[in-house]
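Visitor: Line by line, the protein sequences give chains F and H. If you want the numbering used here, it's the 1-based position in the first sequence plus 25. To convert, note that position 248 of the second sequence is 242 in the numbering used here; the numbers rise steadily by one, no gaps.
In short, the hints are calculated from the structure, not lab data. Check the hints yourself; a few may be wrong.
Claimed, not checked - Derived list of chain F stretches under chain H, where covered just means 3 residues or more per stretch with a C-beta under 8 Å from a C-beta of chain H: (1) 81 to 89; (2) 110 to 121; (3) 186 to 192.
For every residue, glycine included, the Cβ atom is placed at its ideal position computed from N, Cα and C.
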Amino acid sequence: MAYVIQGETGDWELVIGLEVHAQVISKSKLFSGASTLFGGEPNTQVSLVDAAMPGMLPVINEYCIEQAVRTGLGLKAAINLTSVFARKNYFYADLPQGYQISQYEHPIVGEGEVILDMPDGSTRTVGIERLHLEQDAGKSLHDQHPTKSFIDLNRSGVALMEIVSKPDMRSPEEAAAYVTKLRSILRYLGTCDGNMAEGSMRCDANVSVRKSGEPYRTRAEIKNVNSIRFLQQAIEYEARRQIDLYEEGGQVVQETRLFDSNKGETRSMRSKEHAHDYRYFPDPDLLPLVLTQGFVDHIKAGLPELPDEKKDRFMRDYGLSPYDAGVLVAEQANADFFEAVAKGRDPKLACNWVMGDFAAAMNRLGRSIDNPPVSAADLGGLIDLIADNTISGRIAKEVFELMVETGKGPAAIVEEKGLRQVTDTGAIESSIDAVLAANGDKVAEYRSGKDKLFGFFVGQVMKATGGKANPALVNEILKKKLG
Amino acid sequence: MSRSDLTRLTMAAARDGLARKDFTAVELAEAHVAAMEAARQLNAFVTETPELAVDRARAADARLAKGEGGAMEGLPIAMKDLFCTEGVRTTASSHILENFIPPYESTVSANLKKAGAVMLGKTSLDEFAMGSSNMTSHFGPVENPWKRKSDPKAKLVPGGSSGGSAAAVAARLALGATGTDTGGSIRQPASFCGIVGIKPTYGRCSRWGIIAFASSLDQAGPMARTVRDVSIMLGAMAGHDPKDSTSAPVAVPNFEAALTGDIRGLKVGVPKEYRPDGLSSEVETLWNDGIAMLKDAGATPVEISLPHTKYALPTYYIVAPAECSSNLARYDGVRYGLRVEGKTLDEMYAKTRAAGFGKEVRRRILVGTYVLSAGYYDAYYAKAQKVRRLIADDFAKAFQSVDVILTPTAPSAAFAIGETDDNPVTMWLNDVFTIPTSLAGLPGLSLPTGLSTDGLPLGLQLIGRPFDEETVLKVAEVMEKAAGFTAVP
């Protein structure tokens, strides 16, 4: 279903393009040897180059180039063997050089694509326009002194990848799915940790609205969106604002707007007195970056299995639904956990447990997949006990909770608590006989056509056996006895 | 040897004297310190470092005694104040860096130090190396030690931007000096002061730690009194530096060994476009004499054409200011250097930069900002880059048929301070013969071959193939001998 917003003048469609700034995972900065570790004391990770001391020159960090190429390959994108670093000139206190070294006309990565996994299990393809490398700026601290601003240059010069999508998204959900998927791919590749809270992934949204079939209308750029939830809110708000504006006879102006997460609204950054003219030109301190095909091929050969391929494999090899497979592969560690549980077992059962009780316990306890409430081996062991009829699925849930609680293995718990299920037909028969004898009236009712009472008898038998009777046997024998 | 004898030595002779223990490095340094202090009226130095010089000379003597001396062990030199020197104030002759003391040493000055050279002090320059007269220095103009016969009282400019270095070497205050050349800043002052200076191939010397003017053009080089001396010094300065991405990964030859004296069979290009209308007859004569000298030595003069020469000056005055406008953005009063407080950040920037930069620097920043602006970029900067390519192609084509090119260095001899009109373009024309070489990134050397009728030195320029400084130096040495230029200020 296409996402539309109903206005007074009819239905409106959204057009969304995203620019994601992803901090490259690297030990040192894009053009200097200073550390990129997060959280250092201010100005302790600053080289002479980062501070733009006179006469200092940038030298390209080859590892950052490798990471950008790796990311490009992960986005199924064209790798440009020749790219050029350019200077983007503007003055700001946390921009020591007075320019940002970026890529402008000749980025390192060209067109690619990201496949979105929508909540209904469907997929959509969003085009990637380009990916380029650039330096991060430092950080201005305005809250340290009543009249002064302080500058922390630790971040100055850290490598960022700016990943620009095509305006291919049509709903806030698609935008969210795009960022989620992109983040997943970057994490699989090990090129960005995707931590939006720490700012290692930041997102700007270009939003416009139009009537169906129209060409693109004027867009506004929304900055300062630091979570996926806020991204959706910001887009929804902005779309509504633009529609209201048009319907009141106004016009949208091309501008940069800030999202205020407290108020849930976007507001104009006020057209500054100096409209920015960045005066881009090729950085004369750096030669054009020329890569060999061999360099690219080498990186390509070392790529991990990425979410889309893994999802296909999970569907093909394990028979999982697109939705289940999509959820499981979103985080590599989750996928690995699932595969460890599923190995040699019924994959659908493994999937149900990993996505069901296991995920619920993890959320409830605030644990992560790196520190799971139950190990993959124990969860697998539990599934084995179900498969060989040692316990029923119902008892298994009980055992699972005890595993979480005590940290003990499933077999030990089953033994200790005497939870082994009863498969002795004689024992089950006598329990059934007792239940039927005690409920003669109900038996009569059942026989006169009240089929629904069957469940009641099952329940009574299970109760009498402490839940340990094999449910299939109970059903079978009950049916026979009730005739 | 008397102190004045010591300051009159060539670098090569001083090197030999030290080796023979005729004198010590400390004596040599002290003689030059005394000369430097006695010649303060020239205003060649922004910062003198006499104690440092004597300390380094003492260390040099110790190394020489152990037989561990480097290629320039104990040789006193002056350092253009554009090279960052650890712990020694480095100003670029600008108010904005007036009190800047770098905590690091430029690669070239570090190389010289490693070779044993003894730094006497930091020499004045046109502010941020922007100028051809040394009159744009925040610390006042430098005076050329040469005097006009007709008017000995007139204070002449030493040329620029490496004017302090040129004056120091010409006045025997240093055996040699470092310069940097963006459009002629080594060669034109060498010509004005009657010394030898070479701008090597772009990429031959590291730019790391040299305060940038125009990154794609800036190149360090030596200035000294003989071709042999600049060969020695260039060898010590040059070399690939991984810290400068534009530094060329090529080996440094033994430049001194290239001075064989034999140029028989070499073809010397004489570009017809370097005879503009109004070229002074004495410069033209000097040039013709130079051609004759090379012919006598067995080389063959060949007339060549460098058809895009006339576009070089306008091209340079787009490219260089564009890069400078960006390179100088870091002088914003935030982290180091001058700061003039303002009510807002923008006001602080404006006040700091207005107070910190002189008129010529501001002019070039404005020109550069303009040519890079949206709507003008294609018409100016992008087009200038294309023309630059054509100029380089002219040279490449010429070098298919010749081994070296001979031209005048500057259109005139040194002029007097305050003699030129206020039109900056008149000043810019000083570099008309040196700029094409810079745009093409080629090595260019200026050596004095004669005096003007008014008794002032005039230089000729030799231009070589990329990374073929050896041929340039070899031809220069032959001309040096033939010209027999022995005049002193």
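Visitor: Please go over all the hints and tell whether each is borne out by the structure.
Guide: Status of each hint after checking the structure:
no.	hint	verdict
1	81 to 89	holds (count 5)
2	110 to 121	holds (count 6)
3	186 to 192	violated (count 0)
Of the numbered hints listed earlier, the single one contradicted by the structure is hint 3.
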